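For the record, the sequence lines run as chains E and Z.
The first sequence begins at 1 in the working numbering and counts up one residue at a time.
The second sequence begins at 1 in the working numbering and counts up one residue at a time.
Honestly, I wouldn't trust all of these hints.
30 Å max Cα-Cα, derived DSSO-like pairs, lysine-lysine [what the hints assert, rightly or not]:
1. Z:LYS227 - E:LYS151
2. E:LYS151 - E:LYS227
3. Z:LYS123 - Z:LYS227
4. E:LYS209 - Z:LYS151
5. E:LYS38 - Z:LYS123
6. Z:LYS123 - Z:LYS151
7. E:LYS151 - E:LYS38
8. E:LYS123 - E:LYS227
9. Z:LYS209 - E:LYS209
10. E:LYS123 - Z:LYS123
11. Z:LYS38 - Z:LYS123
12. E:LYS123 - E:LYS151
13. Z:LYS38 - E:LYS123
14. Z:LYS151 - Z:LYS227
15. E:LYS38 - Z:LYS38
It is worth saying that the hints were derived from the structure and are not from the lab.
Computed from a prediction, not measured in an experiment: that's the story for all the values here.
There are 2 protein chains.
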Amino acid sequence: MNDSGEFAPQCPIPRSEYEHVVLAHGGGGRLTRQLVEKMILPRLGNEFLDRDHDGAVLPPQEGEMAMTTDSFVVDPIFFPGGDIGDLALNGTVNDLVSCGAEPMYISLSLILEEGLAMEDLWKIILSIERASSTAGVMVVTGDTKVVERGKGDRIFINTTGIGSVVPGLRISPRHCTPGDVVLINGSIGDHGIAILSARDGLGLEAGVKSDTLALNRMMSVVFRHRKEIHVLRDPTRGGVAGTLNEICLASGTGILLDENELPVKDGVRGACELLGLDPLYVANEGKMLVILPEAHAEEVLSIMRDHEEGMESRIIGRVTEDHPGMVRMHTAIGTTRIIDMISGEQLPRIC
Amino acid sequence: MNDSGEFAPQCPIPRSEYEHVVLAHGGGGRLTRQLVEKMILPRLGNEFLDRDHDGAVLPPQEGEMAMTTDSFVVDPIFFPGGDIGDLALNGTVNDLVSCGAEPMYISLSLILEEGLAMEDLWKIILSIERASSTAGVMVVTGDTKVVERGKGDRIFINTTGIGSVVPGLRISPRHCTPGDVVLINGSIGDHGIAILSARDGLGLEAGVKSDTLALNRMMSVVFRHRKEIHVLRDPTRGGVAGTLNEICLASGTGILLDENELPVKDGVRGACELLGLDPLYVANEGKMLVILPEAHAEEVLSIMRDHEEGMESRIIGRVTEDHPGMVRMHTAIGTTRIIDMISGEQLPRIC
C-alpha cells in the first residue's frame with residue numbers, strides 16, 4: 001500500500017533485474033527503451049506521448065499560449081505530503097495558472113544519478129501520474145539522462161508546461177495597482193518546514209506536511225467569473241515576502257500586510273521560532289497570491305472558499321501608493337516593519 | 001577574444017564580486033535576481049523573456065504545435081566545436097525539426113553546481129545567445145537552480161522547445177515505407193569523438209570537432225518544396241544505428257545501409273579504430289536522417305546541398321520490406337551484416 005492507503009502497482013522492472021538505475025538507462029539504447037516502455041508509458045502514456053518520437057505534435061489551439069519551465073532539485077526527494085514528482089508537476093501547473101492560463105501539456109525530463117533505487121523512481125512516476133490526473137494535464141514528451149554516481153543527487157526533474165491563456169485576463173506583476181488587495185488561499189510556510197523536518201539531523205518533529213497541490217481547478221472557476229485580476233503568483237522560493245517584493249519592484253507600488261491576517265499553522269510557527277526563520281520567507285507549493293481591485297475581492301474569496309484548496313482564503317494585505325517598491329507589515333503588536341527581500345538562500349534546495 | 005576571433009563581452013559579475021556560483025544564486029532572492037538581470041536578460045532578453053514573470057505569454061499560433069524537451073549533461077561542458085550551451089539550444093531546435101516543425105520558442109532551465117566559475121557560466125550564456133540568434137529562435141522563459149558542491153557536475157541545462165508544424169507534413173517513424181531512401185546531410189560520429197577527445201586521460205588527438213549545429217534553416221527550405229517526407233530524426237545518442245533501429249521497430253520495415261556511402265571523417269575513423277568503436281553508434285549533433293520516397297530524393301538532396309550544413313548530403317540506405325524491424329548493412333567487402341541496437345551506454349554523457 002502507498003501512503004494514501006491504496007494498493008500501489010509493483011515496479012515493473014524487478015529487483016532481480018535492475019535494483020538500481022545504471023548509466024545505460026540513459027544511453028538511448030535498449031535499456032533506455034525498456035525504462036520508458038515499462039515504467040513511463042504505461043503510467044503516463046497518452047495519444048501524444050505514445051507516438052514514439054523525439055517530440056509531441058499537439059493540436060491547434062486558439063488564443064495566446066503560456067509557457068513556463070522549472071527544474072526541481074528538492075532534497076530530500078520524499079517528504080511529508082509529497083515527493084519530487086508531484087512537486088514538479090504541481091509547480092509547473094501553478095506557474096501556468098500564474099500566467100492566467102489553463103494548463104494543458106507538460107514535458108518531463110529526468111536527470112537520474114546512477115544508483116538511484118528503481119523502486120524510488122517508480123514511486124515518483126506514480127506520484128507524477130496521480131498529480132497529472134488530478135490537475136487534468138498530460139505529459140506529452142520526455143527525456144531521461146543518467147549521470148555517474150556523485151555527479152547528481154538521486155533525481156532532478158524538469159517540467160515545462162504549456163497552457164491556454166484565458167481570454168480577457170491580463171496578468172502581470174506590473175499591473176499591481178493602489179487600491180488592490182492581496183488574497184491568499186491558505187496558510188504559509190508549510191512546504192519549506194515540511195522539507196526541513198524531513199532533512200536528517202534537524203530533529204524537527206513539527207508534523208507539518210508540504211502543501212504541494214495544483215491550483216488550476218479552483219483558479220479556473222475564478223477566471224470564469226472575474227477577469228479583473230491584476231497579478232497572480234505562487235509564492236515558492238523566497239516565500240510570500242520574496243514574491244511580494246518582486247511584485248512591488250515591478251509595479252512601483254507598495255504593499256502593506258496585516259500580520260494578524262497571516263495564516264500560519266502552529267507547527268510551522270513553532271518550527272520557525274526554533275530555527276529562527278520567518279514564515280513569510282518560507283516556500284509554499286500550493287498557495288496562490290491573487291491581487292485584484294478590492295471591489296471584487298469578496299466574490300473571488302467566496303469562489304475560492306468553495307474549494308478544498310481555498311477554504312482558508314483571506315485578504316492579507318493592501319496595495320498602496322506610498323512606499324513604492326516596498327513591502328511593509330502592520331505587526332500584531334501595532335508597529336509597522338519593512339519586509340525586505342532576502343539577499344541569499346534561506347533554505348537551499350527547497351524545490 | 002573568443003574562439004571565433006570576436007571580442008567577447010566581459011562577464012558582468014566581476015571576479016571581485018562573485019568568482020564562483022554560490023547557493024544563494026539559486027535561492028530566488030536578490031542574488032538570483034542579479035544573475036538574471038546582469039547575465040541573462042542583456043544577452044537573451046526579448047519581449048517575452050523580459051516580462052519579469054513566472055512564465056511567458058506567447059501570441060496565438062495557427063495550426064499544430066510541436067513540443068520537445070531535453071536535458072543536457074554533457075561532460076566536459078566545453079569541447080572542440082561547441083559547449084553545453086549551443087549543444088542544448090541546437091539539440092532542441094533539431095528535435096523540433098524532426099517533428100516537421102519550424103522552431104520558435106525555447107525555455108532554458110539551468111541546474112548549476114555551487115562553485116561553477118562565473119566566467120564559464122558567462123561563456124555558456126554567450127554561446128546560447130549565438131546559437132539562438134543563428135537558429136532564429138527566442139528563449140522566452142527560464143529557471144535557475146543551484147545545488148551543493150558534489151551534488152551536480154558544474155552545469156546541466158534543460159531546453160524545451162515549441163515549434164509550428166509545417167502544414168501538410170506528416171512526420172512519424174511509423175511512416176517509414178519500403179521503397180523509401182535514407183538521406184543524411186554529412187559525416188557521422190563527429191560529436192561523440194569530439195567529446196571523447198576532450199575528456200581527460202584519453203590522450204586522443206583526433207582533431208575532430210563536434211558537428212553541433214541547428215538544421216532548421218536548411219530543412220525549412222526542404223519543407224517548403226516537399227511534403228512527402230516520411231521520417232525525420234536527428235541521430236544523437238545511439239548514433240545512426242540506434243536511431244534507424246528505432247525507426248525499423250516502429251514501422252515494421254527493414255533498412256539496408258551501404259557502407260561505401262557512409263560519410264566518415266578520417267579523424268573519426270582513426271579514433272574509432274583506436275577505441276574499438278563503430279561510428280554508426282557514435283552520437284551526432286548536427287545531422288538529420290531524412291527518409292522519403294526515392295522519386296523525391298534527388299530534388300531534396302539538391303536543396304540540402306545548397307546549404308553549408310548539407311553540402312555532403314547523400315543517400316546512405318534504402319527501406320526494405322524484408323527483414324522487418326532490422327537494420328542491415330552491405331559492407332565495403334561485399335558481405336551483409338546486422339546493425340543491432342546497442343543494449344547499453346556506449347559513451348556516457350555525450351549530450
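Results for each hint:
1. Z:LYS227 - E:LYS151: 44 Å, violated
2. E:LYS151 - E:LYS227: 47 Å, violated
3. Z:LYS123 - Z:LYS227: Measuring from Cα to Cα gives roughly 39 Å; hence the hint is violated.
4. E:LYS209 - Z:LYS151: 25 Å, holds
5. E:LYS38 - Z:LYS123: 40 Å, violated
6. Z:LYS123 - Z:LYS151: Cα-Cα ~22 Å, so holds.
7. E:LYS151 - E:LYS38: It holds: about 26 Å lies between the C-alpha atoms, which stays within 30 Å.
8. E:LYS123 - E:LYS227: Not OK: LYS123 (chain E) and LYS227 (chain E) at ~39 Å, beyond 30 Å, violated.
9. Z:LYS209 - E:LYS209: 51 Å, violated
10. E:LYS123 - Z:LYS123: Outside the cut-off at roughly 38 Å; violated.
11. Z:LYS38 - Z:LYS123: With a Cα-Cα distance of about 14 Å, the restraint between LYS38 (chain Z) and LYS123 (chain Z) holds, given a limit of 30 Å.
12. E:LYS123 - E:LYS151: Distance of about 22 Å is within 30 Å: holds.
13. Z:LYS38 - E:LYS123: Given pair LYS38 (chain Z), LYS123 (chain E) is violated - Cα atoms ~40 Å apart, limit 30 Å.
14. Z:LYS151 - Z:LYS227: With Cα atoms ~47 Å apart, LYS151 (chain Z) and LYS227 (chain Z) exceed 30 Å; violated.
15. E:LYS38 - Z:LYS38: 44 Å, violated
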